[in-house]
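Build the complex: two chains, separate frames, hints provided.
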Amino acid sequence: MLKIQNLHASVEDKTIIKGLDLEVKPGEVHAIMGPNGAGKSTLGYVLSGRDGYEVNEGTATFNNQDLLDMDVEERAQSGLFLAFQYPVEIPGVSNMEFMKESVNAIREKQGKESLTAAEFLKKAKEACKQVQLPLAFLKRGVNEGFSGGEKKRNEIMQMILLQPTLAILDESDSGLDVDALQVVADGVNSQRDGERSFIVVTHYQRLLDYIKPDFVHILADGKIVKSGDASLAQEVEKNGYAFLGKKYEESEV
Amino acid sequence: MSQWLNQVIEHASVPSDFLATVRQQSRETLQQQGWPGRRAESWRFTPLTSVAKREVKSATDVTAQHAPEIDGLNAIELVFVDGKLTTDCDKLEVPDGVLIATFDNLSEAEQQRAAKVFGQVKPEHHVFGLVNDVASEQGVFIDVADNVTLEKVIRITNLVSQDVDAHTRVAVNIGENASARIVEHAQGDTPSMTTAFVEYMIGDNAHLEHYRFALMAGQAKQIGGSHFALHNGSTLNSTIVGYGSELSRLDVDIIHRGEHADAKMNAVYLLAQGELFDLHSNIEHTQPNGTTEENARGIIGDNARAVFNGRIHIHRDAQKTLAELNNRNLLLSRKGLINTKPELEIYADDVKCAHGATVAEIDEEALYYLLTRGISRSKALVILNFGFIQELVNQVPDDAIREWLLPKLSERFTRMEVK
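Residue numbers (this note's numbering), protein chains in the order written: chain S, 26 to 278; chain Z, 146 to 564.
Pulled out of the complex, with its shape left as it was, chain Z reads as follows (with noise of 0.2 Å):
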């Protein structure tokens, strides 16, 4: 046990509500199965001890923040301060057939829709997932009915103060020929520890894209899941991006729950000098005639550290799958690392699954090319080495994210200094 973790679940004041079995339940399993210890597979190149041994400090006033400016975005904001949510649900402007609103305010019915996506994407054996459980107060509820096409982004935004625990927590239920787009957005360097995670439903023939900004960076902690539950013929495209902190976890799951069903995941992380990240994504294919393509690329600076885990499961009956993952990483500096596996797990025979990873170092030659011509080595260092993010970056399908994401990370990289 930690004294984080014990202070975690004596400071939780699980709410009775339609939810409290699960949140009990995974209290138990918590207690049962205590902290990760240093030989936990799953955070081997992630230290926790700095968690561990932190003392849980919640939020006492919390005043409504404006979520971070994307010029040109059309979206439903729900912010999150300190954990808690300062949007008011009512006074949000939905379209019919779209409910946002808290756990607590939910009719019988909409709580049983909710209780099907709560704890029932996230696999069990998420320690942080089983903390935001038991953690997270009040959650929020995002369901579009069958047949509906949200044309509004819901942008879902986690901010933090200083020294601050917060623990958020979303469940996101699409209806059958549903479409929607949903954001993930943290940011902020304040130091903290938050854990956040969320859960998508996907029905049969439903469309989600999906983001997640996990820009958390300098002394700010944060660890967190997106899950996804796809079901017959339905389709998911999501879009990463990773800054590295102190501490940065995060823990994606697609899981083919229905046959014919596409998934589609491009991550990009960019570490700056001394930072950490963590990314471990699992690919859950039960059902036939499924396809994955995952993408994950990194630029990982000086003295940093990118950990990759790419693991594609391919379960007995999940013939015709086709699932293809690609890590690529780029060290700027001799003191960078990154721990990159992909896992791969075949139990049918007619599938096709393909899987690489790869580390490259500055080219050094090619960077004098270009100074000679006059280009600053920054620049240059932009010219040559972005444009592998670049690539992932350009097939963001929404325009105004891609115009905001595209600056925002070049400007990042510009001053990862290469030593």
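Next up, chain S with everything else stripped away, as it sits in the complex (with noise of 0.2 Å):
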């Protein structure tokens, strides 16, 4: 499904992505975890196409396709989804308008036929429940005033709706209680159908309780240092970063 080979990035001219390796099977959850400054989010950011993340070397085939030869819409058209860190606010548009354009932007690349308001409407009421999101939140300008959970269950109430073929999580968890953790959790395994594929990036082991991964890989300066299964990530829990070398030493976990 994604196959990653040799992926160097940089932004503003400073190499962030160092030779990153990378292949996701259908129906696969990998795990990525890492301190600080790795390049976890960059990850996202350039496999989604952000303006100003150059990819300088190596190659992403997504569904046989050059990834990065795509548009940013287009990679979204194709069945990849991110799940942001930091979901921006845009007071002014409301939660409904966007994600029926959205959900109807992909459907029409996908040569299926518009929703009406109406089908929308029961899809979306549907996607919120899920993510116990109040339907009020539809009528409110996208993430505008939102909590940081709320942010966070809007992003799983959209990938529910979009249905992609890879969904990439940047820190889904962060910033989240547990009634909250198990929240988006839930709306995630809700999701793993044994074709559609996830990369869950996290800073901590703690999600990763509750959405069990087949891989997981420590990402260090820009390249996947360690793979493993889930047990790896008990590791990091135990012992922290420190097994990277002095430079990681004092890194929290």
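No wet-lab data here; the hints were simulated from the structure. There could be a bad hint or two in this list.
[As the list claims (entries may be wrong)] Straight-line Cα separation of at most 30 Å, DSS-like style, residue types lysine-lysine; simulated pairs:
no., chain 1, residue 1, chain 2, residue 2
1, S, K137, Z, K480
2, S, K148, S, K176
3, S, K176, S, K147
4, Z, K229, S, K176
5, S, K137, Z, K553
6, S, K164, S, K147
7, Z, K553, Z, K480
8, Z, K486, S, K164
9, Z, K553, S, K134
10, Z, K524, S, K148
Here it is as structure tokens:
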């Protein structure tokens, strides 16, 4: 589904990703852990095609297409979804209007008919219920005045509506209490169907108690330095990132 | 002087009608003050060189044309083509108490009423207003008698042919307690030069719902004005929509001549690549207890330039005035430009007055967010940026006009390429 080879990427001439390899097959859940500044968020931005994130070397194919050659919206239309760590607030644009445009843009690309307002509303209500967002949030401006937890749930709600083939969750656990974490994890788990894949980016092991990964990768200094199964996350939880060397010994876990 | 102005004055065949004195005066003023120089404050950002060197070309054969369709608009249609009224006023279905006639077709009493409007609302300092006084041959007088409510909209449409110079003029009198809705509509993008001025005398407790669509684009040069005199207790609700073109300039004057008059004006301008639009608005409060609320919002495309000058002048006697002016602009490119200048002159001490101007650029982070959700760039820009224009369009009181305007502006905006 996703194959990244020797990826190098930079922001404002500063190289952040330095030779990253990763292969994600259908239905797999990959966790990417790592200390602050390892390039975790950058990876999500590069894969989604954000302006200013320049790929200097390497390849990334997504469902046999050259991902790096696609525009941001094409990537999304092809089934890539990024749940943001800090979703932006867009006052004046209603969540509902925004999501309806989004769902229909993706349906159009898939050759499906646009949803009518009523059809969309029905789906949106179900998705809201699933992540325990009150329906009033559909009428509010996109993320406008949402709490941190509400923003994260709104991201998962969008994922449920858009039905991507690959979802990258960028620290969807940060700033959440245990109950909210459970809601987010339930939302994600409900979308695991053996075909849809996930890349779960997180600083902490905690989220992985709720979303069980098939693989865990440690990202440090722009590269995957260690890969393993779920037990690798436990190891990090216990010993921190000290095994990465002196530089990370003090790194908070 | 400019070649064009000289020719305009030479060519003008001033009719020896009841307006001859005013026209002659304007001609003399023009000759005295001449062509606005580069440093003339009101033309500082809008160079007139392309007009100055222009050769005057009057239309020869004028054929009647239809006004642009507005679905569901129930209107009395007046159509000017190349400065000539092609509508036969005698054939219009006009309700009792309403007069629509050309200046040469007025009774003596009607002439007297028209003379109280023509040149009596529009301030003298508008150069092209003076040009229009001199060069507009056949104007129209619209007179709504006291206590008459005109249900139908009156639409004045201006169309122009290739390379032609055209000058149109309308004088409107709305009697006491009367109510009317008037649309000024100019459209087209053929190379041309038009001036179009309308003066409105709004009587005591009268109401005017007004629209001006200055939608000439491309190489069409359009210069014009809408000028309002408000008397005791009268109200004005004006919506102005401007496109940019090679040269597009609009002057709006709202003059509170009576007490307790309320004026509301919403202006929207959308400038595509390389276009220019210049809106000068001037609000004069000469009497107490009046209100003015003006909102002007524009989106400026690549290499386009907008000029907004919003003046509020509160005279010494205009106590308890409430006046607000707000101008917001969105630049779609670093190469777009807005010169915005709010001007406040307040000589009364018990007034509430506010003004502000803002300029924003595209919020790249919000745009990226929408793109990651599969929304196309052009659609995302419409969602993000069209909203603040839409907010004003949503306030348009007439349903048919609003329904016509929204998709029209949205389509223009979508075509405005972002760099």
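Taking the hints in turn, this is what the structure says about them:
1. The suggested pairing of K137/S with K480/Z is violated, with an alpha-carbon distance near 40 Å, which exceeds 30 Å.
2. Between K148/S and K176/S the CA atoms are separated by roughly 19 Å; this keeps the pair inside 30 Å, and the hint holds.
3. With a C-alpha separation of about 21 Å, the suggested pairing of K176/S with K147/S holds against the 30 Å cut-off.
4. Distance check on the hinted pair: K229/Z and K176/S sit about 61 Å apart at the alpha-carbon level, beyond 30 Å; violated.
5. For the proposed pair K137/S and K553/Z, the alpha carbon gap of about 28 Å is at most 30 Å, so the pair holds.
6. Restraint check for K164/S and K147/S: the C-alpha separation of about 14 Å stays at or below 30 Å, so the hint holds.
7. Annotation: proposed proximity of K553/Z to K480/Z holds, straight-line Cα distance about 25 Å (limit 30 Å).
8. Taking the CA atoms of K486/Z and K164/S, the gap is about 36 Å. The hint is violated against a cut of 30 Å.
9. With a CA separation close to 26 Å, the supplied pair K553/Z and K134/S stays within the 30 Å bound.
10. For the suggested pair K524/Z and K148/S, the alpha carbons sit about 22 Å apart, so the restraint of at most 30 Å is met.
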